[in-house]
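For reference, each letter of the sequence shown is one residue, going 121 to 428 in the numbering used here.
For the record, the hints were derived by calculation from the structure and aren't laboratory data. From the three backbone atoms N, C-alpha and C, an ideal C-beta is built for every residue, glycine too. Heads up, a few of these hints could be off.
Said to hold, decoys possible - Label-pair restraints from in silico Cβ distances: (1) V167 <-> Q327: 20 to 28 Å; (2) R250 <-> G143: 44 to 52 Å; (3) G398 <-> G193: 43 to 51 Å; (4) A196 <-> N412: 36 to 44 Å; (5) T355 <-> D407: 26 to 34 Å; (6) S185 <-> H232: 55 to 63 Å.
Unchecked claim - Calculated lysine to any residue pairs in the SDA-like style (CA-CA distance at most 25 Å, straight line): (7) K330 <-> R145; (8) K272 <-> L308; (9) K330 <-> A161.
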Amino acid sequence: MLADMETTTAERAALVALLRQPGSRWPEIALEVQEAGSALAVLGRTVGETGTLFPQSDRVTALVSEAAAEFAGWQAAGIEVHALFDEGYPPQLLGIREMPPLLFTRGELRRHERAVAVVGSRNATDDGLRIARAAASSLANRGVTVVSGLAKGIDTAAHVAALDAGGRTVAVIGTGIQRYYPAANRGLQDQIAEVGLVISQFWPDAQPSKQSFPMRNAVMSGYAAATVVVEAGETSGARIQARLALQHGRPVVLTSQVMRHQWARAFADKPGVYVVHGTAELLDAVDDILSNQPIDTGLEGFPDLAAI
């Protein structure tokens, strides 16, 4: 059966089979497959016991065949699936510690794009919503993709403003791509999938969980050239994203709204952090950041902030 499969199909199916194994740790699998250069080889070592006196090649074949059928079902449902070794996988995610082995998408995935994340509190203030809309609209008018997490509050304001400006927006969600969370954003999620991009790193039917949203923040941080934090309290996911962004070597822009909080003041003097007052200063900071990112290459222009 494996001999009849196209190599790429078999490798993708093998990766799915690996991730479906009980107790599998996705970050470790991603690194192992990346280092081995073959998901089939890793699957063979893991469950097929290749290299032993009694290899279980039939088990490997059965797992790959089952995963290939699952893969075909996703594609039939209009879900695109991108493995870390696929040519179209976003290169900016390959260098982060939380690199997802698989990405599930609806919409147009662009391998290289000028993207900035605009994030903040779900319980946003009127000023925060105003700043998010102004920032997203201005970025969209400059041809910059606005990335956010499709949560209520700041995220929703950023997505809607980018769309209203006729720009491109990308939603990185904390559930499976067949789920809608929050339910009120069902229409918005479908609209983004139609004219922009929705990304999930979770199985398509996965429910939201306490762990899924920080994981989502890591991917959002890695995908974007920079993160703009509009509002974020001490326990906000946007605060987590700011920390992750610096670990990923991505600059962070903090508004005066955020500087009311101790965590933001502690970040203010770190390399790669911009503190801005008003939309004009915010856009100046983004211009400075993007000037170091050539549009048709990966992240060669980013400063090395990984030690932070």
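Quick rundown of the hints versus the structure:
Between V167 and Q327, the C-beta spacing of about 27 Å keeps the proposed range 20 to 28 Å intact. Our hint of 44 to 52 Å for R250 and G143 holds, since their Cβ atoms are close to 47 Å apart. A hinted range of 43 to 51 Å holds for the C-beta pair G398 and G193, which are about 49 Å apart. Distance hint for A196 and N412: a CB-CB separation of about 42 Å, consistent with the stated range 36 to 44 Å.
About 32 Å separates the C-beta atoms of T355 and D407, a value consistent with the hinted range of 26 to 34 Å. Checked against the hint of 55 to 63 Å, the pair S185 and H232 fails, with Cβ atoms roughly 35 Å apart. With a CA separation close to 17 Å, the supplied pair K330 and R145 stays within the 25 Å bound. Of the pairs offered as hints, the one joining K272 and L308 holds, with about 11 Å between alpha carbons and a cut-off of 25 Å not exceeded.
Our distance criterion of 25 Å between C-alpha atoms is broken by K330 and A161, whose separation comes to about 33 Å.
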